[in-house]
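Student: Keeping the supplied structure of chain A fixed, place chains B, C and D with the ligands upon it in accordance with the hints.
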Amino acid sequence: MEQPFTLTTEVRDARLIISTSGYVNNVGGEAIANEFQKHYVSGVREVIINLAHSKVVNSVGMSFLIEIIERLSESGGRLIFTNLDPAVEKMLAIMGLFGYAGKEKTVEDALSALSTQS
Amino acid sequence: MEQPFTLTTEVRDARLIISTSGYVNNVGGEAIANEFQKHYVSGVREVIINLAHSKVVNSVGMSFLIEIIERLSESGGRLIFTNLDPAVEKMLAIMGLFGYAGKEKTVEDALSALSTQS
Amino acid sequence: MKEPVVNTTVVDSATDTAVSLTITLPRIPDIELVALEGLERLARHLGIGEEKIGEARIVVTEAIINALEHAGGAHPSVRVEFTISSGTLVVFVRDRGKGFNPATLEDPVIQKKLGTQSKRGWGMKLMKSLSDDFRIQTGKSGTTITITKRMR
Amino acid sequence: MKEPVVNTTVVDSATDTAVSLTITLPRIPDIELVALEGLERLARHLGIGEEKIGEARIVVTEAIINALEHAGGAHPSVRVEFTISSGTLVVFVRDRGKGFNPATLEDPVIQKKLGTQSKRGWGMKLMKSLSDDFRIQTGKSGTTITITKRMR
Ligand SMILES: Nc1ncnc2c1ncn2[C@@H]1O[C@H](COP(=O)(O)OP(=O)(O)O)[C@@H](O)[C@H]1O
Ligand SMILES: Nc1ncnc2c1ncn2[C@@H]1O[C@H](COP(=O)(O)OP(=O)(O)O)[C@@H](O)[C@H]1O
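In order, the protein sequence lines correspond to chains A, B, C and D. Sequential numbering from 1 applies to the first sequence in my numbering. Sequential numbering from 1001 applies to the second sequence in my numbering. Sequential numbering from 2001 applies to the third sequence in my numbering. Sequential numbering from 3001 applies to the fourth sequence in my numbering.
The shape of chain A in the complex, shown without the other chains (with noise of 0.2 Å):
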């Protein structure tokens, strides 16, 4: 049976990196977009979000992470999207998000990407 929804962070280098497993629903959106707000408001303006283990994602949970762009680009901040399944990057890509977001193979790809850019 897909495993229930779980998320864990770490900070490195001011740089906040969430990482996912199971199904991105409306909750699992919801639950990244609320760990992002609370380290937002703490200055975090990098953000790497791991997919690795999410295989199974749906539109509504997708669009919660909108939200996370919209305040990213705001504040001149930037978004990388890491271990995407290659549907879950298609899907992405019709969503158009990676005309706000980046995508590199693995966090620590995402991590040195961000380290040459800023």
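Treat the hints as calculated values from the structure; they're not laboratory data. Honestly, I wouldn't trust all of these hints.
As the list claims (entries may be wrong) - Between beta-carbon pairs, the in silico distance windows are:
{"no.": "1", "chain 1": "C", "residue 1": "2049", "chain 2": "D", "residue 2": "3107", "range": "40 to 50 Å"}
{"no.": "2", "chain 1": "A", "residue 1": "115", "chain 2": "D", "residue 2": "3109", "range": "25 to 35 Å"}
{"no.": "3", "chain 1": "C", "residue 1": "2114", "chain 2": "A", "residue 2": "27", "range": "46 to 56 Å"}
Every residue, glycine too, gets a C-beta built ideally from N, C-alpha and C.
Tutor: Positioned in the frame of chain A, the structure of chains B, C and D with the ligands alone reads:
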């Protein structure tokens, strides 16, 4: 999704430990019996079957384990099941297997039970 | 012996609503796991405990693998219905096979299986042992198993 | 432009058999995952690649969550049918809700979502983009979505 059946084995002090993962159906049951047979012919007579990661089993799969019990009874060997899901334990009890095989909580418990009794 | 039923029943509206899931499975390996996932989600949603779910899983697995094994036709399929209502699970499993005569089945005993060729024949016994009511309707046009199991 | 069809079709009998799975889901959280498991097992059995399965998963998830959200009645339920035949998946998803007028839906664009209240409204676009044919029948007694997707 329930993971496909896999099996790992270890021989410790001439005792065979078979640990399964996933659905023990006819194919899984036969794989366990074949693995047992391989070690049986080279002299192993004490066997532990660890079902920690097999919460779903069916009676066709379990019926292959009766072959193992048969061999071991003929040759004065012993079988111990470990890490049983409560419902799987009930199933094996209904089939009468615990008249011919032991059960312990963990592999370590089974190993010490074999040590003190042999 | 059951207590006589008195007329002041307390109906818990949250758990008293019947919830159903129906599925028609093709004959492909391990497809019964899809039905099990449906059963588990239904039962967990209603707050049923893991041990009862585990027992129901065994009962349902045995019913479906028998039906899939004996389902006939060019596109063999098996219909499965789960309904949970007031903490009681009712399972229907129907195939379109040739049916069988349950009266001719011997009760399996481990002692007899040891030393004989076939070790199988446990499904019926398990379904009966782990349910509160077990019915078979069987004939030339197929078999329907109806199982009732209290889950609390 | 498609090549004209010639008359010497090679039929691969192993993959040409239609395989179907039908499921009626009650409205409980995440129940769509049961249908997805059915789809995955069907598709894997037929040797379909993981990326196509992933795309189908998205299409099917979107169709079912819409249907569950809008399914009406005392026991809201959604019927889902998968058929894979000659490498093509056909999905039906039917609810008994009040229907809607698809013509009034605006195509979602990310620029417009930024700065406005509702970020939702992506399901239809995703289903259309990731399928080869997408049809809606909708009216007062419910909605049926029919999606066709080539899986090879
Ligand atoms: N749905 C069915 N259709 C036809 N025959 C069946 C069906 N279910 C059970 N049977 C018959 O009953 C016998 C006993 O079934 P069961 O106790 O489940 O053990 P097993 O399937 O391992 O033999 C089967 O061997 C079969 O002959
Ligand atoms: N099965 C349905 N029944 C009724 N209305 C529907 C159905 N599917 C979609 N709709 C309508 O179409 C709109 C757009 O759907 P969709 O693109 O999936 O995005 P979302 O569901 O996030 O709004 C919905 O908001 C709803 O008004």
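Student: The structure should be examined with respect to each hint, and the outcome stated for every one.
Tutor: Here is how each hint holds up against the structure:
1. As the Cβ distance of residue 2049(C) to residue 3107(D) is approximately 48 Å, the hint placing it in 40 to 50 Å holds.
2. For residue 115(A) and residue 3109(D), the Cβ-Cβ distance of about 32 Å falls inside the hinted range of 25 to 35 Å, so the restraint holds.
3. Our hint of 46 to 56 Å for residue 2114(C) and residue 27(A) holds, since their Cβ atoms are close to 52 Å apart.
The structure fails none of the hints (numbered hints given earlier).
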